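Chains as they are written, first to last, in the UniProt record's numbering: chain A, 1 to 213; chain B, 1 to 213; chain C, 1 to 213; chain D, 1 to 213.
To be clear, the hints were calculated from the coordinates, so they are not data collected in a lab. Quick caveat, the model's predicted, so the values are computed rather than measured. Just to be clear, a hint being listed does not mean it is correct.
Since the list gives no way to pick one copy over another, a pair counts as held whenever it fits inside one copy or between any two copies.
Capping the alpha-carbon separation at 27 Å, the derived lysine-lysine pairs in DSSO-like fashion look like this [unchecked claim]:
1) 127 with 176
2) 208 with 154
3) 208 with 15
4) 46 with 206
5) 15 with 121
6) 46 with 2
7) 46 with 208
8) 24 with 189
9) 206 with 189
10) 189 with 202
11) 127 with 208
12) 189 with 25
13) 2 with 59
14) 15 with 189
15) 189 with 127
16) 176 with 196
17) 34 with 121
18) 121 with 53
19) 176 with 189
20) 208 with 176
21) 121 with 176
22) 206 with 176
23) 25 with 127
4 protein chains.
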Amino acid sequence: MKVLITGFEPFGGEKINPALEAVKKLDDEIAGAKIIKAEIPTVFRKSIEELEKIIEREKPDITICVGQAGGRFDITIERVAINIDDARIPDNEGNQPIDEPIFLDGLNAYFAKLPIKAMVKELRENKIPASVSNSAGTFVCNHIMYGLLYLIDKKYPAMRGGFIHVPFIPEQVIDKRNTPSMSLDNITKGIGLAIKAAIENKEDIKEKGGKIC
Amino acid sequence: MKVLITGFEPFGGEKINPALEAVKKLDDEIAGAKIIKAEIPTVFRKSIEELEKIIEREKPDITICVGQAGGRFDITIERVAINIDDARIPDNEGNQPIDEPIFLDGLNAYFAKLPIKAMVKELRENKIPASVSNSAGTFVCNHIMYGLLYLIDKKYPAMRGGFIHVPFIPEQVIDKRNTPSMSLDNITKGIGLAIKAAIENKEDIKEKGGKIC
Amino acid sequence: MKVLITGFEPFGGEKINPALEAVKKLDDEIAGAKIIKAEIPTVFRKSIEELEKIIEREKPDITICVGQAGGRFDITIERVAINIDDARIPDNEGNQPIDEPIFLDGLNAYFAKLPIKAMVKELRENKIPASVSNSAGTFVCNHIMYGLLYLIDKKYPAMRGGFIHVPFIPEQVIDKRNTPSMSLDNITKGIGLAIKAAIENKEDIKEKGGKIC
Amino acid sequence: MKVLITGFEPFGGEKINPALEAVKKLDDEIAGAKIIKAEIPTVFRKSIEELEKIIEREKPDITICVGQAGGRFDITIERVAINIDDARIPDNEGNQPIDEPIFLDGLNAYFAKLPIKAMVKELRENKIPASVSNSAGTFVCNHIMYGLLYLIDKKYPAMRGGFIHVPFIPEQVIDKRNTPSMSLDNITKGIGLAIKAAIENKEDIKEKGGKIC
Chain A
1 MKVLITGFEP
11 FGGEKINPAL
21 EAVKKLDDEI
31 AGAKIIKAEI
41 PTVFRKSIEE
51 LEKIIEREKP
61 DITICVGQAG
71 GRFDITIERV
81 AINIDDARIP
91 DNEGNQPIDE
101 PIFLDGLNAY
111 FAKLPIKAMV
121 KELRENKIPA
131 SVSNSAGTFV
141 CNHIMYGLLY
151 LIDKKYPAMR
161 GGFIHVPFIP
171 EQVIDKRNTP
181 SMSLDNITKG
191 IGLAIKAAIE
201 NKEDIKEKGG
211 KIC
Chain B
1 MKVLITGFEP
11 FGGEKINPAL
21 EAVKKLDDEI
31 AGAKIIKAEI
41 PTVFRKSIEE
51 LEKIIEREKP
61 DITICVGQAG
71 GRFDITIERV
81 AINIDDARIP
91 DNEGNQPIDE
101 PIFLDGLNAY
111 FAKLPIKAMV
121 KELRENKIPA
131 SVSNSAGTFV
141 CNHIMYGLLY
151 LIDKKYPAMR
161 GGFIHVPFIP
171 EQVIDKRNTP
181 SMSLDNITKG
191 IGLAIKAAIE
201 NKEDIKEKGG
211 KIC
Chain C
1 MKVLITGFEP
11 FGGEKINPAL
21 EAVKKLDDEI
31 AGAKIIKAEI
41 PTVFRKSIEE
51 LEKIIEREKP
61 DITICVGQAG
71 GRFDITIERV
81 AINIDDARIP
91 DNEGNQPIDE
101 PIFLDGLNAY
111 FAKLPIKAMV
121 KELRENKIPA
131 SVSNSAGTFV
141 CNHIMYGLLY
151 LIDKKYPAMR
161 GGFIHVPFIP
171 EQVIDKRNTP
181 SMSLDNITKG
191 IGLAIKAAIE
201 NKEDIKEKGG
211 KIC
Chain D
1 MKVLITGFEP
11 FGGEKINPAL
21 EAVKKLDDEI
31 AGAKIIKAEI
41 PTVFRKSIEE
51 LEKIIEREKP
61 DITICVGQAG
71 GRFDITIERV
81 AINIDDARIP
91 DNEGNQPIDE
101 PIFLDGLNAY
111 FAKLPIKAMV
121 KELRENKIPA
131 SVSNSAGTFV
141 CNHIMYGLLY
151 LIDKKYPAMR
161 GGFIHVPFIP
171 EQVIDKRNTP
181 SMSLDNITKG
191 IGLAIKAAIE
201 NKEDIKEKGG
211 KIC
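Build out the structure end to end from the sequences listed, making use of the hints.
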C-alpha cells in the first residue's frame, strides 16, 4: 500500500508551517505502507494542479493533505470540504478569491473518504489531543481538500483521502498572547497515528464526536 | 412580503434558549415585511416536520431559523448545512444519531439561500459583532438548516432561507467560567437587522469574510 | 453618604472607554448615597494626583475607580493592588515605566477596602456575570487602585475603596476576533449594583470565589 | 550552589501533576548547581511545613516551587504572592479556607526573589512560550509561594526563591474541550532554563513584560 501525505509551505506571515515540518519527519513506512511526502504551494488552483501531478505519478491508495490551523487546540480530522473559496488574506501568490466556487461541476461539498472517527480515537488513545472538525475554513486548506475529493470523485474512485489540520508549534506562539500550540514531536506522532488508523480501517467506526455548534 | 422566523426550545440543560427569547421579542413587521414567529422542538426529524407544516401553512418568502451557539462570541450567519446528524448529546426526546445522513436523496450540503455577507455587514455597521460561520455543527441546528434548504430545493424553490446562530445571554454564563455572552437586547436587534438585510438584498454583496480555518 | 466613582479616559488605541461611559450613565443617587462622578487621565502619577484632589474636595465615604479590562468576560471586582508599575504599552502621555515601585514608602500590596464577595454576589444574583479578580495588571489600573489604597492607608483611614474592571462593549470588538464583550447597559447596571453592595455591606460576606490559578 | 525545586502532588481530580512529573525529570545538575528535587503535598499549611523542613535540611541557595496552572497557555513565572487563602475547591485533605490570611504577621504580599524577566527571556529565546504572571491564584500554589517568601523574609534572608506555573500536558486535556497544553518535554526544558537563568542572574534585567489587566 502507498500513502501520499502532503504539507503546505508557510503562509500568512509565518516562517514555518508545522504541517510541512511534521510531514518531513514522518517515517518512510507506516503500518506496512510506503509513505510518499510532498510539499504543496499555498496557492489557489496551483495547489490542486500540483497535487494532481503527484497523484498521477505516484498512484497512492490513500492521500492525506495536512495544513496549519493556527489557533486550534488539538489535531483535527476534517469531515467535509465545501465548494467555495473565500480568502480573508491573499495566498502566497497574491490571489484572494471571494465567494467563488472551486469547481463549477463539483458537488456543494464532499465528505472525507477517511475513517475520521477511527483516526481521532487512535490519537486520543495515544494521548494526543484530537477531534473531528466540521469546517476546514474557506482558504487554501479547504480548497485542496475539496480538490482532492473532487479528483477522487471524478478520476480516482479507488483512492481514499482527506485532510488533517494541526495547531501552531510552540515557537510560533512566543509573541502571540493566549494562543495554543502543540509540540512538533506530538504533531508528527499524531499524523503518523492518523495514517495508521486510515490504513487499518477501511470502514469508519461508530463513535461519538459531533459538535453542537 | 412574509418572513418566517423560528427559534428552538431550550436544550442541553439550559432553562432558556436565547434564540427563542429573541425571536419572541422581534417586531411584527420589519422593513415592510410581515414577521411570522414560531417555536421549533429541539428534536431530530420532528423539528423539520414542524417547520414544513408552518411553511406549508404560511407560505413565507423567506424562512430563517435561529439557534443557540453556546460559546460563540458573536452572532453568526451560517453559510452551509451538511447532510449528517452526529449528536454529541441526546436531543430533547433522547435521540442521539451518530454519523447518519439527514435525507438519503439530499445533496452532501446546501448553501444558505440568504445574502450572508450583506447580513453580517448590516449587523457590524450597527455595532453588533457578527461574522459568517462555515459550520452549523452536527446537532439539531445543522439538521433544521439542512432540512429547510432541502425543502427549498425540493418543494419551495421560490423561497429563500438559512440559519443564524446566537451566543448565550449573560444569565446563562453566570456559572460558566470564561464563556462569552451577548445581551438579549443586542441579539434581538441583531436578528432584526439580519432579517432587514435579507429582505433588502436579493443578491449577496462581494465582501471579505472568509476563515483561514 | 457620598460615593466617588471614577472612570479612565480611553487608552491603547480605543476611541472610547466603557468604564467612563458607564460611570457617566450612573444614577446620581444609589441606595440613598450621593454619587460623584469623575474622569481620570490614563497617565501614571497624574491619575493619582487628580484622584487625590477630588477626594480632598469631595471627602467621599467610598471611592471606587473603574477601568477597562479588554479581553475579560465578566465584571471583575479587584481584590488587591501591588506596588509595581510595569507598562506593556505607553500611557496617554508616553510614560512607560518598567518594574518601578509606585510609592517607595508603600506596602508591597494593599487589599481592597470593599466587600468584594458581597459585590460579586449582588451582581450575579441580578444576572450580571461577575467574579473576584486577584490581579489588576501592572498598568494604570493597578496604579490608581494602589494609589487610592495608599491614600486610604496614609491620609484617609475612614474612607473605603477599591477597583472594578469591566469588559469591552460590543462596538469595540467588531474587528477583534473571538473577544468577549458586555453591553454598556449591563456594565452600567453592574457598576450600580456593585456600588449598592459596597454601601450596604460594611463587612464582607464569607463566600466561595477564589481562583486556583 | 544548591537549588531546591519542588512539585506538587496531583489535585483537583487530576491523576498526575505535570509540575511534579517535570521536576522529577530535571537534570541533577544545572549550570553548575546541584539540583535537589522534592514532592510537596497539595495541602494548606502542611505544604509550607514540609517545605520548611526540606529547606532546613538542605540549606539551598535558591528554592523554586512549581505548580500546575490548568488552562494557562504558557509557562508563567510568578511575580507576587498575596497573604490570602481562598479555596474554590478543597485541598487534598479536605481543607477549604475562605478569605483567611496565611500568616498574621506576614506582609500583604511578597514579591518573588527571582529574576523573573530574565527567566522569561531565557525561555522565550529557547522557543518555550513563557510570560510573567501577576497572580498565582488563591489556592495552594499562592499559599506555598507566600510561605516560601515569608520564610525568606523571616528566617533565610540569604536564600532566593519564587514560583513557576506550568500548563496541563496533552494527556490531561484529551477530554477537556478547547484547553491548551504543553508537552512534558517542553515543560521540563522550560523549568531547567528558568533555573539556569535564576542561577546566572543575581539581579533582574529591565525588560517589557507587564500586563494591562
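Hints versus structure:
Taking the shortest alpha-carbon separations for residue 127 and residue 176, both the intra-copy value of 25 Å and the inter-copy value of 13 Å come in at or below 27 Å. Taking the shortest Cα distances, residue 208 and residue 154 never come within 27 Å of each other, neither inside one copy (31 Å) nor across copies (31 Å). In the homo-oligomer, the alpha carbons of residue 208 and residue 15 lie at most 27 Å apart only across protomers (24 Å), although the nearest pairing inside one protomer, at 37 Å, exceeds that limit. For the homomeric pair residue 46 and residue 206, the shortest alpha-carbon distance between copies (24 Å) is at most 27 Å, but the shortest distance inside one copy (36 Å) is not.
For the homomeric pair residue 15 and residue 121, the shortest alpha-carbon distance between copies (21 Å) is at most 27 Å, but the shortest distance inside one copy (32 Å) is not. In this assembly of identical chains, the alpha carbons of residue 46 and residue 2 lie at most 27 Å apart only when taken from the same copy (24 Å versus 45 Å across copies). In this assembly of identical chains, residue 46 and residue 208 lie within 27 Å of each other by CA distance solely across copies; the values are 22 Å between and 36 Å within a copy. In this assembly of identical chains, the alpha carbons of residue 24 and residue 189 lie at most 27 Å apart whether taken from the same copy (12 Å) or from different copies (24 Å).
Proximity of residue 206 to residue 189 under the C-alpha cut-off of 27 Å is restricted to the intra-copy arrangement: shortest distance 24 Å within a copy versus 40 Å between copies. For the homomeric pair residue 189 and residue 202, the shortest alpha-carbon distance inside one copy (21 Å) is at most 27 Å, but the shortest distance between copies (40 Å) is not. Taking the shortest alpha-carbon separations for residue 127 and residue 208, only the intra-copy value of 18 Å comes in at or below 27 Å, while the best inter-copy value is 34 Å. Proximity of residue 189 to residue 25 under the C-alpha cut-off of 27 Å is found in both arrangements, the shortest distances being 9 Å within a copy and 21 Å between copies.
Taking the closest pair of Cα atoms, residue 2 and residue 59 come within 27 Å of each other only inside a single copy of the chain (8 Å); across copies the shortest separation is 54 Å, beyond that limit. For the identical chains of this complex, residue 15 and residue 189 are neighbours both inside a copy (22 Å) and across copies (23 Å), given an alpha-carbon limit of 27 Å. In this assembly of identical chains, residue 189 and residue 127 lie within 27 Å of each other by CA distance both inside one copy and across copies; the values are 10 Å within and 20 Å between. In this homomeric assembly, residue 176 and residue 196 come within 27 Å of each other (Cα to Cα) only across copies, at 25 Å, whereas the closest approach inside a single copy is 33 Å.
Taking the shortest Cα distances, residue 34 and residue 121 sit within 27 Å of each other inside one copy (23 Å), while across copies they are farther apart (43 Å). In this assembly of identical chains, residue 121 and residue 53 lie within 27 Å of each other by CA distance neither inside one copy nor across copies; the values are 32 Å within and 40 Å between. Taking the shortest alpha-carbon separations for residue 176 and residue 189, both the intra-copy value of 25 Å and the inter-copy value of 20 Å come in at or below 27 Å. In this assembly of identical chains, the alpha carbons of residue 208 and residue 176 lie at most 27 Å apart only when taken from different copies (15 Å versus 33 Å within one copy).
Only between protomers do residue 121 and residue 176 lie at most 27 Å apart by alpha-carbon distance; the minimum there is 15 Å, versus 30 Å within a single protomer. Taking the closest pair of Cα atoms, residue 206 and residue 176 come within 27 Å of each other only across two copies (21 Å); inside a single copy the shortest separation is 38 Å, beyond that limit. When the C-alpha separation of residue 25 and residue 127 is checked against a cutoff of 27 Å, the pair qualifies both within a copy, at 19 Å, and between copies, at 19 Å.
The earlier numbered hints that this structure contradicts are 2, 18.
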